[in-house]
Structure formats: C-alpha cells, structure tokens
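So you can see what is in the structure, the chains are spelled out below.
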Amino acid sequence: MSATLVANVVISGVLTGLLYGLMALGLSVIFGVVRVVNFAHGEMMTIAMYAAVLLFGAFRLDPILAALPVAALFFAIGYALQAGLINPFITRPEHSQFILLVAVATILTNVMLMVFGPDARSVQTDYQLDSWAIGQIIVDKARVYAALCALATTAGLFAFFRFSRTGTAIRACADNHLGARIVGLDVKHLYALTFGLGAACVAIAGCMMTLLVEVAPSLGPSYTLLGFVIVIVGGLGSMPGALLGGVLIGVSEALAGLFIDPSAKSMISFALLIVVLLFRPQGLLGRTT
Amino acid sequence: MSPRARVPLLLAALAAALLALPHVAGSYVLSVATLALYFAFTGQAWNVMMGFAGQLSLGHSLYVGLGAYAAAALFVKFGIGPWAGIWLAMAVCVAAGAAIGLLAFRFGISGVYFALLTIAFAEFTRIGFDHIGWLGGPGGLFLKVGQRTSIDLANLRGTPTMFYYVMLALTAGAFALCAWLLRSRAGYYWQAIREDEDAARALGINTFRWKLLAVTISAAMTSFAGVFFAFYYNNLFPEQIFHISQSIEIILGPIVGGVGSLFGPILGAVLLTTLADSLNNLMSAMGWDVPGIKQVFYGVILLLVVMFLPNGIWPPLAKRLGLERKA
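For the record, the sequence lines run as chains A and B.
Those letters in the first sequence? Residues 194 to 482, by the numbering used here.
Those letters in the second sequence? Residues 9 to 335, by the numbering used here.
For the record, the hints were derived by calculation from the structure and aren't laboratory data.
A few of these clues could be false.
[Stated by the list, open to error] Computed Cβ-Cβ distance ranges for the label pairs, DEER-style:
#	chain 1	residue 1	chain 2	residue 2	range
1	B	Pro324	A	Phe356	29 to 37 Å
2	B	Trp296	A	Thr197	51 to 59 Å
3	A	Ala313	B	Phe216	44 to 52 Å
4	A	Ala200	B	Phe216	28 to 36 Å
5	B	Asn243	A	Arg473	34 to 42 Å
6	A	Val406	B	Asn243	27 to 35 Å
7	B	Arg209	A	Ala345	42 to 50 Å
8	A	Phe353	B	Pro299	34 to 42 Å
9	B	Asp204	A	Gly377	28 to 36 Å
10	A	Leu341	B	Ser253	33 to 41 Å
11	B	Leu331	A	Lys381	36 to 44 Å
12	B	Phe216	A	Ser324	48 to 56 Å
13	B	Leu22	A	Gly277	38 to 46 Å
[What the hints assert, rightly or not] Covered by chain A, according to a simulated footprint, are these stretches of chain B (three or more residues, beta-carbon under 8 Å):
#	segment
14	114-127
15	131-139
16	255-264
17	307-316
[As the list claims (entries may be wrong)] Not close to chain A: a few residues of chain B, all C-beta gaps over 12 Å, as computed:
#	residue
18	Ala92
19	Trp95
20	Ile159
21	Leu161
22	Ser192
23	Gly300
24	Gly330
Beta carbons are placed, not taken as given, at the ideal position from N, Cα and C, and that holds for glycine.
Extracted from the complex, chain B is given alone in its bound form:
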C-alpha cells in the first residue's frame, strides 16, 4: 500500500478508537485519556510556533493562564458562558502573543534570548496575578461545580464523557488546522524561516510578519486549552497555571514525539501521559510512596529519549510503518 493510502486509513482507525473509548473504558481511563488529549492539543499549539516557525517558547503557560482566567472571570463575575468567554480569552492571548512577538522580533531577539523572554513574561504575569485581589489572588478563583450527571454544553458543565468529547473535538480541530497550515503559504514560509532566517529574508519573505503570525496563532490555539482547563478543573491558582512547570509539561510531548511533525505532539503526549500514570500505579502497587520517585523515573526516561532519539519518536516510527512521504 502506498504511503498516501496508509495515512487516511491510520487516521480513520485512530478516530474510530477515540470515538468509541468512552463506551468501553471506565471513568478512570477516561480521565487519563482526557489529560492525554489536553497535552496533545497544547503540544500541537506549541508546535506551530517552535516546530513550524522555529521560535522556541518556554512560556506557553502564559496563554493557558490568560485564557483560563479570562473565560473564568466572565463566568464567575458576570455569568457569561464559555462560548462567549472563549472570544475574550482568544483576544487576550492574541494580544499578549502579539505584544511579545512585536517587542522581541522588532528588537531582533532570537534563540535562547527569545526563549528566556517568554519565561520572563510568564513569570511576570504569574506574580502579577498573585496580586489581583478581584480574581482571588494567590487564594485562587473557583467556578461553581455543576451537575456531574446532566450535560449542559452551553455552560460546559457536565459529565467526564462530555469533557472527553470536547477535548477530542479540540484536538482533532487542531490537527486539521496544523495539517492545513503546514501546506499553506504560511507553512512553507515558516519552514523557510526555521531552516535559515537570513536566507528566507533574502528571498523576500517578510520574516517579521510571518513569525508574528506563528506566535499569535499558537497563542490563540492555546487559549482554548486555558478555557477547557478552567471549566474542567473548576479552580485556578496563579502558582499552578502560570508556573514554568506547566510550560515545560506542554513542550515535553512534542519534543518526545517529534518537533515539527504533525503526529509527533499527539504521540508524545499520549505516551508521556500514559507513562506518568502507569508509573503512579506501579509505585503505589509496589508500596513505594516516596514523594518525588515518580518524577525521577520521568526524568530518566526523558533523558534516555533525548539522548538516543534526538528527533523524537515519531520520525523513526513513521519510517518503520512505511508512512514516510517520498521527497
């Protein structure tokens, strides 16, 4: 079978499995799957910026947090539901991304310096939100927990199955968007910029504008994850949602899976989430309830992946499965 025929087949099988999951799995597996999809989604959003356009962001928690707080504030303070709230969340995140991009790219900041700038903005905002009393400050902002048995899609209050399907739809949407972007004019320009920015500029590409577009699209996508986070967990703390560990968790999936590829972020997120979860179970089964031991294993596995599979797991796997498109 040619690679062109295999990819849709694989996608169809994957979609069928994911759609059927809530009917066969228990609530515990479903919560793990929802988490895996969440990281698959945020990983794809991050991948637009780093994988496609080559701009390393280590501060994506900024967009998760801003998106979450924007929608949650509208809901808690004014009773405005998430479908309206998402517009505010997106606007805030796009504005923040555009501001960072404008400043950084106008002043010619790139590479490590750009990455550290994104950390600085996220940290600045984290401490800032600790001092906004109206939004609860360090004490947190809480959403009223709705009925866990009935489904109210308009206010995003409902069963775990509903949240699973919402996250699945978001992930599928992000996948379609990324596949389209990668084949669009923007996608080719981004890849040119990623490979050699000076050469891209010499060819007449307005690198400033296209890099800015990558940041704003990535920020807008991440705002959806923020809104989901707010309505799924029902509580927001600046220390948690804006924290740098949140940013790192977002980027681990795509890096382990394969930066710049379409399937990499999804594969990486699913692998890491299942791995973290099975480690958890294994540890409690063995009676090793030492705090920190899970993270040590996690770190070791990360170390091994980055040492021996520098391009992530997906590229060699794709080759093995015969999914490589011929150049």
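Looking at chain A on its own, in the form it has when it is part of the complex:
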C-alpha cells in the first residue's frame, strides 16, 4: 500500500472530519450552555440535508448558497424548540430530558419517512466529480468547499462568543446560571438563542454534507451517535474540542475503511470513544468541573 494512497485517504478524512466537527459543534454548544444533550441532533442534520436537496431540485440552488436560508430557518426553529418545549425540562432529571428529545427525534425521522419515502436522494452539482491534483495527491473539490464552509462558520461562531456582547452573556450563563440571573440576564432568551445557533450550525453542516453523501431518513440516528462520539472525544462543551474530535473521527474512519473494512469504520470510532471516556472522561480538550 503506497504512502500516496494513505496520504490521500488522510486528507479526505481531515476534510470530511471538519464537516463532522461543525455538526458536532452545534451539539457541543447546546450542551455547554443549556446542559441538555440533544438526542435529536442527527435528525435535525438529516432534515437540513433534505432542505438542501429540495432547494436544489426546485431552484438549482447550490447547497453552499442554500446553507444561508436553511440556517436562518433552523435558527428560528431551534429558538422556538428551546423556548417552547425544552426550557421547562432544564431542571428535570436527565432521563426525562432524554425521553423528550427521543420523542422529538422519533417524530422527525418518521415525518421525513412519510414525506420523502425511504429512498436516498442527492444533489448533482457540476463540481462534485472534479478534483485538484497536487503532485500525486488528489483532493475532491466538493470536499474542500465543504471543509472551507465548515471552517468559516466555526470561525464566525468563535468570534461571536468571544467578542460580541450577546456571546459574552451566553458564556456567562454557561459558567454560572444563577449568577447570570442575578445580574439580570434573560437566561431563557439566551438559552433559546444558543439552541438556535446550535441548530444553525447543524443546518450548514447538513447542506454541505449533501455534496458528499446521499440523504435518507435512516441517516438521522447514526448522525446523532456520530455527533456524541465526536463531542465526547473532543470534550463536551468545548468548541475547539468539537472540531478536533471531528477531524480525529474523520481520519480514523477513513483509515479504518482503508486498512480494515469499510463496514468496521464506526467500530473504530466507538472504540476511540470508550478509550477516551475511560482515560480522559472530560474529553481531549474538555475542562474538568
């Protein structure tokens, strides 16, 4: 097996991993602030993928451009979901929250099944089969575009949390819920805002993902699990951790597909998850509380 082949696989793994990272970032931001594990995350991702496919079918809208309206829509849905449905549950026990989101996920997956049917759908852009050759290394254009969008979105989100007043207020809520309320922050609004942002992240990741894979309703649960693996490996609640976790899982999946068997790739991810949980339960970049 040549070194070039391995290098090709690793690069494609890194690029896909950045996109995984963006999806997981949404999950991580929601957990980091609201402390609710979004068990419907992969289902939201799949809906975003369908939105991109539908927009492409109707208007020939490139998924990269479709990401903007879909993200805006998801922001609104995420905000409403948190403010209306999830907020009363933030003080409830974990298993109660879990069932709530499992119910949401069940409804979403099966509504998709009813509306779109079980068959896979995809978009066909003119650059999806193109690639650049740099020496012996061949990279797919679509993968590069998707990874760049993921990086840009992540950078934007970082900047928002670091520099804007609202972002700072959200971080204050995450650090100290009671303290944030005492200084007069509207915690309910900020939580809903955070959920909306998490949903927007996953919307953009979903639109980009249609450039790489076909979409079917059954993808939802597997993306949810993938998201968990990534955020736990990187550190639940840590933003750089989600990106790092995404890249690690992307590369390990790609390498497992090459060296072992494509069907064993998620086994490697789960093995990685178990090892990380045991030796560094807060994740690679997570903080200890």
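Go by the hints and put chain B onto chain A.
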C-alpha cells in the same frame, strides 16, 4: 380498606386474569400479551439499575443480544438446550455488565457520560457481531423452528401458549425479585446512592460495590430476556438485537409507567404495547398505510406523557387507587 390489604388483592386479581388469558384470548391477543410481558420484564430489569440505583443505561440491548447469542449459539452449534444455555448467557452478561461497571465506576464516570458509555459498548458490540462469521455475521443466526403444536419445555420449542406462560413466569419472578431487592439492604443503599451519592459515601456506603451489584443484577436479569427472544423469534440479527432502538424500547415502558416504582415498568410496558398495537390496527382499518405514521403518533404520545406526567403514570394512579403507602 387499608393500602396494605389492597395491594395483595390487586395482585391476586391481576395474577388470576393473566393466568386465565390464554383460555379466553385468541392467538393474536396472546402474541400481543407475550410482547407486553417481554417489555414488562426487560423494563423491570432496567429499572433495577436506573430506578433503584440511579444509573442511566441506554445500552441494555447489549445484554439482550449477548444473552440471545450465547444461548442460541450453544443450541445451534452444539445442540445444548436453553436451560443450560441460560447459565452461559447469564455469565456472559454479568461479565459484560461487570466490565462496564468496573471501568466506568473506577474512573468516576456518571450521569450523561455513563449513559453514553453504555451506548458506545452496545454499538461497538453490534458492529463486532456483524463481523463474526461463525455466528452468521450480518446474515443472522437461525434456530430450527420446532413443532408449533407439541410442547417441548426442555428445548423451549412449543406453542404460543407455552411461550406466554414462560414469559409470565419470568415477569412474575422479576417482580418478586424487585420487591425483595427494594426491601433488602441493597435496595436501601441503592436508593441512598440514587438520591445523593456523596452523602451515601459519607455514611460509609461503598458506592462502587453497590453500583456494580446493580449493574450485574440488571444484566443477569436481561440475559433471560435475551434467551427468550432467541427461542421465541428463532432468528437473530446484530442490526436488530443490539440496535439502539431496542435499548430505547426497553426503557420507554418504565419511564412512561414510573421510574423506580415496582408496578411502573409493568404498567408502562402493557400500555405502550397495547397502544402501539391498536395504532397499527387503527391505521390499517382507516387505510392509512403510510410507513412511519404509527411512530409519529407514538412519538407524540410519548411527548405528551413526559410533558404532563413527569414521574410516569403509576404514581398519580396509585394515589387515585388509594395504594400509597404512608411514609
């Protein structure tokens, strides 16, 4: 009538109804009842871990699958019957539960992280079994279907009525075990750990050991469900038996019924199974054969229960029936 007198009366009426069911019901109702009892059983097993000791497992399909594959492999490959097979199934499940518990509790993993660890082990095993060619891999492992008219209890081959009674006996056994556990030393220690683990430790309870005991008992109980699954359905696929949806189905009953209570898991399982089944019938009667519509209704009902009855259906019902024991 005092609550103390009402509970045995209620139990006796329930037992009589359940014992008489095969004589009055048709084969269709019997299959639904068997399924309801199956989930009542697995729900009780899960409840030992979550309801009693407060350890959330989202990967109980692991124990169902390991138990099923252990007994089925002995039967298919070596002709060893399920009554011997159950010992291997139990041993495998206890070993798996102990391994997860040892690792998790030794490294101080709890809450959401523990729950996700249980998912990870179940998923890891699911994909692993897909690659074990000796056990059929993704193509599945099949048991020879026996005579559906004669009863061979030694090999668990027989009529639906036999399977119903086997499942009823298992459920009753699990109920008795849970009732005893809840009043034993372990039960009180578990409840102390569930309510406040640090306080329990401060009182001198070895929380590590008692949590481990909860996981292994729960795993051992679930292995029985696995063996039953294997011999009732006669086919095993890793994609089905280890799947996370199997784990979720196990925990829905106790959560809807009431986590931590004795009757909750049974009530929840019976309600959900009948509900799912009547939805099925309703949908086909109305001619709405759209795939997925049943699950949407199921999801909506789940959503309503968890929103408006946060402690499950049993606690308010028990109060209404006057079965509340005075504190």
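Results for each hint:
Hint check: proline 324(B) to phenylalanine 356(A), Cβ distance near 50 Å, so the stated range 29 to 37 Å is violated. In this structure, tryptophan 296(B) and threonine 197(A) meet the distance hint of 51 to 59 Å, their C-beta atoms being roughly 55 Å apart. Against the hinted window of 44 to 52 Å, the Cβ-Cβ separation of alanine 313(A) and phenylalanine 216(B) comes to about 47 Å, which satisfies the hint. The hinted window of 28 to 36 Å between alanine 200(A) and phenylalanine 216(B) is violated, with their beta carbons roughly 47 Å apart.
For asparagine 243(B) and arginine 473(A), the hinted distance range of 34 to 42 Å is satisfied, since their beta carbons lie about 40 Å from each other. Checked against the hint of 27 to 35 Å, the pair valine 406(A) and asparagine 243(B) passes, with Cβ atoms roughly 31 Å apart. Checked against the given bound of 42 to 50 Å, the beta carbons of arginine 209(B) and alanine 345(A), roughly 48 Å apart, stay inside it. As the Cβ distance of phenylalanine 353(A) to proline 299(B) is approximately 41 Å, the hint placing it in 34 to 42 Å holds.
At roughly 32 Å, the beta carbons of aspartate 204(B) and glycine 377(A) sit within the given window of 28 to 36 Å. A C-beta distance of roughly 36 Å is found between leucine 341(A) and serine 253(B), which places it inside the suggested range of 33 to 41 Å. Restraint check, leucine 331(B) to lysine 381(A): a C-beta distance of roughly 38 Å satisfies the suggested window 36 to 44 Å. Separation of phenylalanine 216(B) from serine 324(A) is about 54 Å and conforms to the stated range, judged on CB atoms against 48 to 56 Å.
Separated by about 40 Å at the C-beta atoms, leucine 22(B) and glycine 277(A) satisfy the suggested range of 38 to 46 Å. Look at the segment 114-127 of chain B against chain A: 10 of its residues bring a Cβ nearer than 8 Å to a Cβ of that chain, three or more, so the hint holds. For a cut-off of 8 Å, the count of residues in the segment 131-139 of chain B with a CB near a CB of chain A stands at 6, and the three-residue condition holds. With a threshold of 8 Å between beta carbons, the proposed coverage of the segment 255-264 of chain B by chain A holds, since 4 of its residues qualify and at least three are required.
Look at the segment 307-316 of chain B against chain A: 6 of its residues bring a Cβ nearer than 8 Å to a Cβ of that chain, three or more, so the hint holds. With a cut of 12 Å on Cβ distances, alanine 92(B) stays outside the contact zone with chain A, its closest approach being about 31 Å. At roughly 28 Å from the closest C-beta of chain A, the C-beta of tryptophan 95(B) stays outside 12 Å, upholding its exclusion from the interface. Look at isoleucine 159(B): its CB is around 38 Å from the nearest CB on chain A, clear of 12 Å, so calling it non-interface holds up.
Taking the minimum C-beta to C-beta distance to chain A, about 38 Å, the non-interface status of leucine 161(B) holds against the 12 Å cut. Here serine 192(B) stays apart from chain A, with its beta-carbon at least about 24 Å from theirs, past the 12 Å limit. For glycine 300(B), the requirement that its beta carbon stay farther than 12 Å from each beta carbon of chain A is not met, with the minimum near 4 Å. At the 12 Å boundary, the C-beta of glycine 330(B) stays outside the reach of chain A, the nearest C-beta of that chain being 27 Å off.
Violated hints for the displayed structure, listed by number in ascending order: 1, 4 and 23.
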